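Enquirer: Protein chains in written order, with UniProt numbering: chain P, 1 to 500; chain C, 1 to 500.
Since the hints were derived computationally from the structure, they do not count as laboratory data.
This structure is a prediction, so every number in the text was calculated from the model and none was measured.
Any given hint could turn out to be false.
Note that identical chains are pooled: a pair holds if it fits in a single copy or bridges any two copies.
Claimed, not checked - Derived lysine-lysine pairs resembling BS3-like cross-links, with alpha carbons at most 27 Å apart:
id, residue 1, residue 2
1, K145, K330
2, K195, K64
3, K265, K195
4, K340, K195
5, K64, K274
6, K140, K464
7, K378, K388
8, K274, K79
9, K64, K450
10, K462, K388
11, K145, K462
12, K64, K464
13, K272, K388
14, K64, K462
15, K462, K450
16, K340, K262
17, K330, K79
18, K340, K73
19, K450, K464
There are 2 protein chains.
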Amino acid sequence: MATTETVHHHLRRHHDHHNTINTHLKQKTSSKSTRLAESLSNLLHLHIQGPAQESLSNARFEEKHETPTTSPKEDISDKWRDMHGSSDWNNLLDPLHPLLRREIIKYGEFSQATYDAFDFDSFSNYCGSCRYNHQDLFEKLGLNKHGYIVSEYIYAMSSVKVPRWLEKSRLLEKALGKDSNWMGYVAVSDDEESKRIGRRDIVVAWRGTIAPSEWYEDLKRKLDPIGPHVEAKVEHGFLNIYMSKSETTRYNKSSASEQVMKEVKRLVQFYKGKGEEVSLTITGHSLGGALALLNAYEAASALPGLSIGVISFGAPRVGNVAFHDELHQKGVKILRVVVKQDIVPRMPGIIFNEGLQRFDDIIGSLEWVYHHVGAELKVDVRSSPYLKHGFNLLGFHSVETYLHLVDGFHSSSSAFRSEARRDLALVNKACDMLVDELRIPQSWYQPANKGLERNVHGRWVKPKRNPEDIPSPIGEGHTLVPEMQNKFERLRALYSFKLD
Amino acid sequence: MATTETVHHHLRRHHDHHNTINTHLKQKTSSKSTRLAESLSNLLHLHIQGPAQESLSNARFEEKHETPTTSPKEDISDKWRDMHGSSDWNNLLDPLHPLLRREIIKYGEFSQATYDAFDFDSFSNYCGSCRYNHQDLFEKLGLNKHGYIVSEYIYAMSSVKVPRWLEKSRLLEKALGKDSNWMGYVAVSDDEESKRIGRRDIVVAWRGTIAPSEWYEDLKRKLDPIGPHVEAKVEHGFLNIYMSKSETTRYNKSSASEQVMKEVKRLVQFYKGKGEEVSLTITGHSLGGALALLNAYEAASALPGLSIGVISFGAPRVGNVAFHDELHQKGVKILRVVVKQDIVPRMPGIIFNEGLQRFDDIIGSLEWVYHHVGAELKVDVRSSPYLKHGFNLLGFHSVETYLHLVDGFHSSSSAFRSEARRDLALVNKACDMLVDELRIPQSWYQPANKGLERNVHGRWVKPKRNPEDIPSPIGEGHTLVPEMQNKFERLRALYSFKLD
């Protein structure tokens, strides 16, 4: 080690040449040292988020904190058929009828619930399940306000190769069976809500993502026939998810199709038996919107005369023209909510359009190949002063973005509704769409400490789930509803299979 | 819309040429459509995390869940001087003495507390503050077990230009004053712990990051004299943080130096007045370790005869050789814990070494310019079977990685201690260092919903902080301790300033 004396000498010398050396250094060390310095700088500031701008809109936003989020509930018992599409929502969409807006948001929140309650954590022993027991679902998510009761959960699987990590996970296998995931639920309006809306409303909500990442490869390629008429064909992958079952799973000894139809029929028979008016409203976002159409097709075939509506959000196309024609002929009413900037409903790759000779035509010009099914409510990201307008694949597709824009939509020619009451913070649940001025963190919807909790020994562990929150298995000996056997016999032969 | 008939015709035609077309498509659409398909695929799978591998080590890890994390506390009252460095930790570090290991981890956890409790959220009205009142800090963080009581918080600022967003934030200004942040705390051992460790131990813990991102530019350039001896110089930026104050701030009308010295002196006088043996142990990580040295230098000058130790983690170099020589002469005992793979303690840029003629020499060959101050405990990421060993700038520097490695360290020639009890999950608090087999999420330490809570109206808002958890301002008329005025007169002239 140099003595103090020597170092001091060096210091002085250095000091004399300070400016010269500094200039010299700036030139000579720009590459290596700069990179090191930048790395270190990033490291030391790793906790610093981007700066937040405060503005008037934040103040206005904070004032809104103390206002209610919901509109008073009005009796729509004499208008429910219009709201349910009896006249294909003519003259109700632009401008958007206020009562219809509230109904759309209600069903949209039922769709969103399938995400909010799903256990996405691949480190969880319960990955792929619903985090709550069906009795508690709406209460946990603050959806009791809508006056519906969840009556059954739906599970689905697909025939894609089971990912290796899932195969190896004995824990997961025990909990849910291979590749079988919570895919949605059936709910029914309670007496009070039924009175308000003029009928007993059965809701089916379908989740829009599935766990194995391989499924996309499978579903994008070919169309398969859905029923006895060869003309009606739907995407292979969607149908696969809807129809697959396997004796080796715990929750998919029967298919999603069988599960949902059994419960819907039970409810329809029960309430019709009591002389009540009954409707079936099927909702879903993205893939969930696609499954909603398959479900509607099957229900319309099995339950002729039942009032069936579909309200989908950002759903891709599902089938060929014949499929959509049949849906129409069966009287299924379809309202598609679409964000103008969302790519999924416009995406050609997700549905291979058989009417086209060349794939390139689709890529080159999307609009003309798009078959509009039912009615469309189109909302625009640019209409909202609260949203970032830059390209955001995820944000444009998010259900909460959809619901925010529906809430603010009056007509295609008017500005965002100033009296829109829905909580803005919800938009950023799982994306980064809100302008920074609102100071809402991005993707904030997540449990404390990503679900870890400190046990009695002070260790951070994933807690065992409350047994009541682990969905009970569908009873053994669950058999097919007889009248379905003929209709889907051929399909089952195609899509039911054993995972070795 | 084409008729079903026509489409059906197309379908058949397409079907005939299916394979041909598919091959054709694969070649022609590989770029544009593939990119679209990939984007969509990513979008639809956005919630899917990487797969988790299960292995034997997870099973072993889960068995550990039900074991205690702490060792029995042993009386070290007759060994405390050795543990505190009276013989410069000779023969205590390799192999590491078990009692010293526990002491190092105790002080490391005091350092970690400065991160765990700091409000990093730039959207928060309280950004830059401690999230808890000082009475509650240890209880909230589960550190009551160590038997210390927090007596005072320390705030610091630096003279770097205030970032624009901070200037504009009236809320933040009201709460904390411009650019003034919670920087650490003073704590003191309670009666029971004092008995166990053989003296009343005063701890100062310094936080290692500061909020304004500009500071790094300032601190990396030049050395400034710390005291009346011109030989002892320290980094300009560190000294700036330690010494800055401004009448326009709420918490830095006095500097961090003045705050900490006032409290330490008060405690020393109080306990010495009762005839007790007293020690001062200063700890910190990264920048906090640098501030610990400045603090130790000042305390040793102001309180000669007091037993002063520094235990730092991943700290950069702070001053020139004369500074370190003086620290040694004043009897300050310094134990530097260093992770072999951590770049910060080796980083040349952060301390401009005046003994060198050319910056390039430092860049080219780091080891020989490194002046070891005090004793060093070097631990190695590769010693732990629980850690990923790939390069991880953040993970290698994290306090929790340090503590995990110290917990597992027996000697430089032996394997990771199988009886190490510290909770492994802690390592991933703010980084991604644990092997996937352990199934601990990365960067999991965060509040539920990023701090948003649902208010009575159902809106998600940042709750107002409990008034008890907003640190009270330092009393008006807070004046300098007289004996300090001479010593730091010149420094204050240099570094105290008004932010107009």
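Enquirer: Sort out which numbered hints this structure fails and list those numbers smallest first.
Expert: Per hint list: 1, 2, 4, 5, 13, 16, 18 violated.
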